[in-house]
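With chain A's structure known, arrange chains U and C on it following the hints.
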Amino acid sequence: MINKNLVIIGGGPAGLAAAKSAYDAGERDIVILERQSELGGILNQCIHNGFGLHTFKEELTGPEYAQRYIVEVQKRNIEYKLDTTVLSISNDKIVTAVNEADGLIKYAAKAIIVACGCRERPRGGINVAGSRCAGIFSAGTAQKLINIDGYMPGKEVVILGSGDIGLIMARRMTFEGAKVKAVVELMPYSSGLNRNIVQCLKDFDIPLLFSHTVVDIKGEGRVSSVVIAQVDERLNPIMSTAQEIKCDTLLLSIGLVPEKELAEKAGVKVSPITGGAIVDESMMTSVEGIFECGNVLHVHDLVDFVSKESEDAGASAAKYIKDGAKSEAKVSIVGADGVRYVVPHYLSKTASLDKLQLKMRVANVFKNKRLVAVLDGEEILSKKKQIVTPGEMESIILTAEQIKKIQSGEKLTLCLKD
Amino acid sequence: MKDIIIIGGGIIGCAVARELCRYQAKVTLLERRSDVSQGTTKANSGIVHAGFDAKPNTLKAKFNLLGNAMFDELAKKLDFPFKRNGALVLCFDKDELGGLKDLYDRGISNGVEGLELLDGEKARELEPNISDKVVGALYAKTSGIVSPYEMCIAYAENAAVNGCQFLFKKEVCSISKDKDKWKVRASDGSSYTADVVINCAGVHADDINNMVCKEKIEIVARKGEYMLYDKSCTNLAKRTIFQMPSKMGKGVLVAPTTHGNIITGPTASDVEDKEGLYTTYDGLGEVYSKSLVSVPCLNKRLVITQFSGLRAHSVSGDFIIGESSQKGFYNVAGIESPGLTSAPAIGVHVATEVANILSLDKKDGFVETRKGIPHFATMSDEERAELIKNNPLYGKIICKCEVVTEGEIVDAINRPVGAKDVDGVKLRTRAGMGKCQSGFCMERVMDILARERGIAFDEVEKCDGGKIVFGKAKGRK
Amino acid sequence: MKELICICCPMGCHLQVDDSDKKNIIVTGNTCPRGAKYAKDEVTCPKRVVTSVAAVDGGEINMVSVKTSDSIPKDKMFDALKLLDNISVPAPVEIGQVIVKDVLGLGVDFVATKSVSKQR
Numbered sequence: 001m002i003n004k005n006l007v008i009i010g011g012g013p014a015g016l017a018a019a020k021s022a023y024d025a026g027e028r029d030i031v032i033l034e035r036q037s038e039l040g041g042i043l044n045q046c047i048h049n050g051f052g053l054h055t056f057k058e059e060l061t062g063p064e065y066a067q068r069y070i071v072e073v074q075k076r077n078i079e080y081k082l083d084t085t086v087l088s089i090s091n092d093k094i095v096t097a098v099n100e101a102d103g104l105i106k107y108a109a110k111a112i113i114v115a116c117g118c119r120e121r122p123r124g125g126i127n128v129a130g131s132r133c134a135g136i137f138s139a140g141t142a143q144k145l146i147n148i149d150g151y152m153p154g155k156e157v158v159i160l161g162s163g164d165i166g167l168i169m170a171r172r173m174t175f176e177g178a179k180v181k182a183v184v185e186l187m188p189y190s191s192g193l194n195r196n197i198v199q200c201l202k203d204f205d206i207p208l209l210f211s212h213t214v215v216d217i218k219g220e221g222r223v224s225s226v227v228i229a230q231v232d233e234r235l236n237p238i239m240s241t242a243q244e245i246k247c248d249t250l251l252l253s254i255g256l257v258p259e260k261e262l263a264e265k266a267g268v269k270v271s272p273i274t275g276g277a278i279v280d281e282s283m284m285t286s287v288e289g290i291f292e293c294g295n296v297l298h299v300h301d302l303v304d305f306v307s308k309e310s311e312d313a314g315a316s317a318a319k320y321i322k323d324g325a326k327s328e329a330k331v332s333i334v335g336a337d338g339v340r341y342v343v344p345h346y347l348s349k350t351a352s353l354d355k356l357q358l359k360m361r362v363a364n365v366f367k368n369k370r371l372v373a374v375l376d377g378e379e380i381l382s383k384k385k386q387i388v389t390p391g392e393m394e395s396i397i398l399t400a401e402q403i404k405k406i407q408s409g410e411k412l413t414l415c416l417k418d
Numbered sequence: 001m002k003d004i005i006i007i008g009g010g011i012i013g014c015a016v017a018r019e020l021c022r023y024q025a026k027v028t029l030l031e032r033r034s035d036v037s038q039g040t041t042k043a044n045s046g047i048v049h050a051g052f053d054a055k056p057n058t059l060k061a062k063f064n065l066l067g068n069a070m071f072d073e074l075a076k077k078l079d080f081p082f083k084r085n086g087a088l089v090l091c092f093d094k095d096e097l098g099g100l101k102d103l104y105d106r107g108i109s110n111g112v113e114g115l116e117l118l119d120g121e122k123a124r125e126l127e128p129n130i131s132d133k134v135v136g137a138l139y140a141k142t143s144g145i146v147s148p149y150e151m152c153i154a155y156a157e158n159a160a161v162n163g164c165q166f167l168f169k170k171e172v173c174s175i176s177k178d179k180d181k182w183k184v185r186a187s188d189g190s191s192y193t194a195d196v197v198i199n200c201a202g203v204h205a206d207d208i209n210n211m212v213c214k215e216k217i218e219i220v221a222r223k224g225e226y227m228l229y230d231k232s233c234t235n236l237a238k239r240t241i242f243q244m245p246s247k248m249g250k251g252v253l254v255a256p257t258t259h260g261n262i263i264t265g266p267t268a269s270d271v272e273d274k275e276g277l278y279t280t281y282d283g284l285g286e287v288y289s290k291s292l293v294s295v296p297c298l299n300k301r302l303v304i305t306q307f308s309g310l311r312a313h314s315v316s317g318d319f320i321i322g323e324s325s326q327k328g329f330y331n332v333a334g335i336e337s338p339g340l341t342s343a344p345a346i347g348v349h350v351a352t353e354v355a356n357i358l359s360l361d362k363k364d365g366f367v368e369t370r371k372g373i374p375h376f377a378t379m380s381d382e383e384r385a386e387l388i389k390n391n392p393l394y395g396k397i398i399c400k401c402e403v404v405t406e407g408e409i410v411d412a413i414n415r416p417v418g419a420k421d422v423d424g425v426k427l428r429t430r431a432g433m434g435k436c437q438s439g440f441c442m443e444r445v446m447d448i449l450a451r452e453r454g455i456a457f458d459e460v461e462k463c464d465g466g467k468i469v470f471g472k473a474k475g476r477k
Numbered sequence: 001m002k003e004l005i006c007i008c009c010p011m012g013c014h015l016q017v018d019d020s021d022k023k024n025i026i027v028t029g030n031t032c033p034r035g036a037k038y039a040k041d042e043v044t045c046p047k048r049v050v051t052s053v054a055a056v057d058g059g060e061i062n063m064v065s066v067k068t069s070d071s072i073p074k075d076k077m078f079d080a081l082k083l084l085d086n087i088s089v090p091a092p093v094e095i096g097q098v099i100v101k102d103v104l105g106l107g108v109d110f111v112a113t114k115s116v117s118k119q120r
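Line order of the protein sequences matches chains A, U and C. Numbering of the first sequence is given in my numbering, commencing with residue 1 and proceeding in unit increments. Numbering of the second sequence is given in my numbering, commencing with residue 1 and proceeding in unit increments. Numbering of the third sequence is given in my numbering, commencing with residue 1 and proceeding in unit increments.
There may be inaccurate statements among the hints.
[Unchecked claim] List time: in silico BS3-like cross-link candidates among lysine-lysine, alpha-carbon distance up to 27 Å:
(1) C/K74 to A/K179
(2) A/K57 to C/K37
(3) U/K169 to A/K181
(4) A/K367 to C/K2
(5) U/K101 to U/K76
(6) C/K118 to A/K202
(7) A/K179 to U/K141
(8) C/K47 to A/K181
(9) A/K179 to A/K202
(10) C/K101 to U/K472
[Claimed, not checked] Listed next, with one range per pair, are the computed distances between beta-carbon atoms:
(11) C/L106 to A/T96: 50 to 56 Å
(12) A/K218 to C/P90: 21 to 27 Å
(13) U/G471 to A/S240: 38 to 44 Å
(14) U/K250 to A/S240: 55 to 61 Å
(15) U/E383 to A/E288: 29 to 35 Å
(16) U/E215 to A/G177: 52 to 58 Å
(17) C/K74 to A/T241: 30 to 36 Å
(18) U/E382 to A/D24: 52 to 58 Å
[Said to hold, decoys possible] These stretches of chain A come out as covered by chain U in the derived footprint (C-beta under 8 Å, 3 or more residues):
(19) 148-160
(20) 180-194
Since the hints were derived computationally from the structure, they do not count as laboratory data. The structure presented is a predicted model; accordingly, all values stated were derived computationally and were not measured. Backbone N, C-alpha and C fix where the C-beta goes; we use that ideal spot for every residue, glycine too.
Extracted from the complex, chain A is given alone in its bound form (with noise of 0.2 Å):
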């Protein structure tokens, strides 16, 4: 057993960026455990520029804005171990974990910062039919294939979903000579960014076919088409719209689930809506020391989120370590009126803060709209909205006026309004 102040699960932008930040709010008893062989995480095979405009206001890509964050952590000489798989992590913060070199690590962490991210949503999860051959895969995988493993994981390509990863390997796999057919998305909405729906599809004339999905996929070994129809309002397809697109390769871009499962184990609670935990303003789950950020906490739109999130956990974290708990007096922040979700769930009555962002996301493309924080029944906050959708993140930033007013209630809304 190993004693270990701070245990920082996952070495991606999430981890990288609660390293560093817990180290400059004092704490030096560090170690990061990243499963794979570097350092990075998923932005190591986002090989597309578009990072890193809010935090270094310039446009890096994903390799580049890791590099920037692993700079920072090897300066500050953080300990990390690579190609290290945490087993388990117990309510009582005993972080178990496995490699080639050390066999089982057991530490005793005082905190523990869960940042392992999120997957890809699997084919099974809606339910497509047809066969079980080669040739689909999660977006995801196939961007891994391609840029760096290099190696083509297909030449004439279907993509089901419109989310980020879909649109960024559209253009990816017809940079790399591939014909993209189309790209099918179930809602009458993307929710991956505007710039990308640009940026990857029509510069090269892909079509977005909007209300479709994949309602067979054929192929003996290989697939050798799909087959695309219409959605009516409640998204159950129109089979008479029903059409054959050859192709040997479905991608699948259909969405990101957090990977709660070891914080769950611990018994931290989970939010039905986003997936990963319920934190407070600190980001601390309902196990006490144990803290979640980045995309295991909610999808995020941009990695200068998660970076901003991660830095205020790695904070937290630290002053936690060494002050101890908060008093359990809380004001819950919850979304209503086409708000899904809002993070984080609660507010610490007597935290003492000069500022708070409260992040978002909502049900619906909304335009002319205001958001509108209601405490306890009472209007305390709005923003004017020309458009919102479920693709990008929405937030609010509160003053430390605004803050010690949401102390002094019990229950704060955040939701949309004429």
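Chains U and C only, in chain A's frame:
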């Protein structure tokens, strides 16, 4: 030494092969695919039936009972996952309770032990997640669950260790008699001679029989579609939950798997295409809506995969087991449910009969037991630490959802009748069978397969003929 | 009048571009000056930063990610990408290292966006 050829590497072919290896004979198994367990065996409910369902005095009833009784010992000897979890047959209509009693009576006359009729309340006490509408249930305590493909692989490995030769990608295209010997030709041009040919060809057993015998048989491929739920659903059912066949049709089952998932299905539709292992929009819809009748709280979003299997249904209605009119040509055909349950008994029966036909003596040194791949996921921390000390590859997690190590994958590839492709690794180790369905680990498994088998990364297949990537990108050397 | 979606940031502003007078292009719907510049460039000379990968010889991983050091005309993207098809960069590769110099004479390089060390 007498030559015996077994056609088909499913659960029946492999069970027969293993039991025949007890005798002094040269046993060769021809399989058209590149692995065992590729047909009906890998895609079925995985139920060890108690035996109340089969019509009395049929081969199905006989082998069901015999087979069921063999599982406890066999699962220990061959080290495959098996659990006697019990089963409930649910009745939702007071007017149909008589049918439940009929099932009970049939079970008694088949010789099934541990049967009990329950009222709805009692049934819900045992299985709290079943529907409020359940008015009665038949409880069968001897029912069990097994991992069918792991059982098949265990049989195959044990047969191989005991001298059976496994030849893959051998699709039999003709069988003829040359003097006293059978000549079996495969479509790749190879041919084999044998004193006895045993037809265990599953849905294609009619094709094989009809090459040889005037007495034609007909095997219909009856498709069953399934949905498999994430392990977070594991507590929804402890026992196998059947629906009583009613005027509403046959119903589907909801059952735990030996690995802690929940399986629902199957549908039953006769299909022309004997290779048609695809699921359908309507079929999956039917599985889901019918499963909700038994367990209303099943959440479709927690499905991790769907699959379908083809049952080898004989139009005669019963198993076809025995030497045909052609001396030395032996059929084991029409082995549909309860075929998996019956397999151990069929294996022994067929081996004994064939040994009699050929007057074979038992051989010395038959290895009764087989040790499976050590499963890191289910070990204690002490066992894990010990394993890694001896082989550091067990410290490298490849599939994080199912906690499968590189050590296990290397073992799966290199053991007898080892894995040749990604699906082969999956069936043996569970790498890729978890929540992400191989999203994270497929490419790492491909890497290990390429290295261990000495082939190029882009030669690695998902399954037969299923290349995963199309060559190298760019100026790769 | 042209309709564009601004790609400068995730806001994705819907821009209206009146380019009837080439000397005086009028952009509306933007919420920042970058949007106006983007719209003007997009209707006159659309440019993109191109990202891809190049093969590495003897590296820890097979490929190194690269980008153009500045944006290049959109219609030159595929010609630029062809330059990466038949090269193999010896490991180690340093982040920022020039992989292809002066792409198509545009005064822009392909540079590595990642370091790749030598295979152990």
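Here is what the structure says about each hint:
| no. | hint | verdict |
| --- | --- | --- |
| 1 | C/K74 to A/K179 | holds (18 Å) |
| 2 | A/K57 to C/K37 | holds (17 Å) |
| 3 | U/K169 to A/K181 | violated (34 Å) |
| 4 | A/K367 to C/K2 | holds (21 Å) |
| 5 | U/K101 to U/K76 | violated (35 Å) |
| 6 | C/K118 to A/K202 | violated (39 Å) |
| 7 | A/K179 to U/K141 | violated (56 Å) |
| 8 | C/K47 to A/K181 | holds (24 Å) |
| 9 | A/K179 to A/K202 | holds (14 Å) |
| 10 | C/K101 to U/K472 | holds (24 Å) |
| 11 | C/L106 to A/T96: 50 to 56 Å | holds (54 Å) |
| 12 | A/K218 to C/P90: 21 to 27 Å | violated (44 Å) |
| 13 | U/G471 to A/S240: 38 to 44 Å | holds (39 Å) |
| 14 | U/K250 to A/S240: 55 to 61 Å | violated (30 Å) |
| 15 | U/E383 to A/E288: 29 to 35 Å | holds (31 Å) |
| 16 | U/E215 to A/G177: 52 to 58 Å | holds (57 Å) |
| 17 | C/K74 to A/T241: 30 to 36 Å | holds (34 Å) |
| 18 | U/E382 to A/D24: 52 to 58 Å | violated (39 Å) |
| 19 | 148-160 | holds (count 7) |
| 20 | 180-194 | violated (count 0) |
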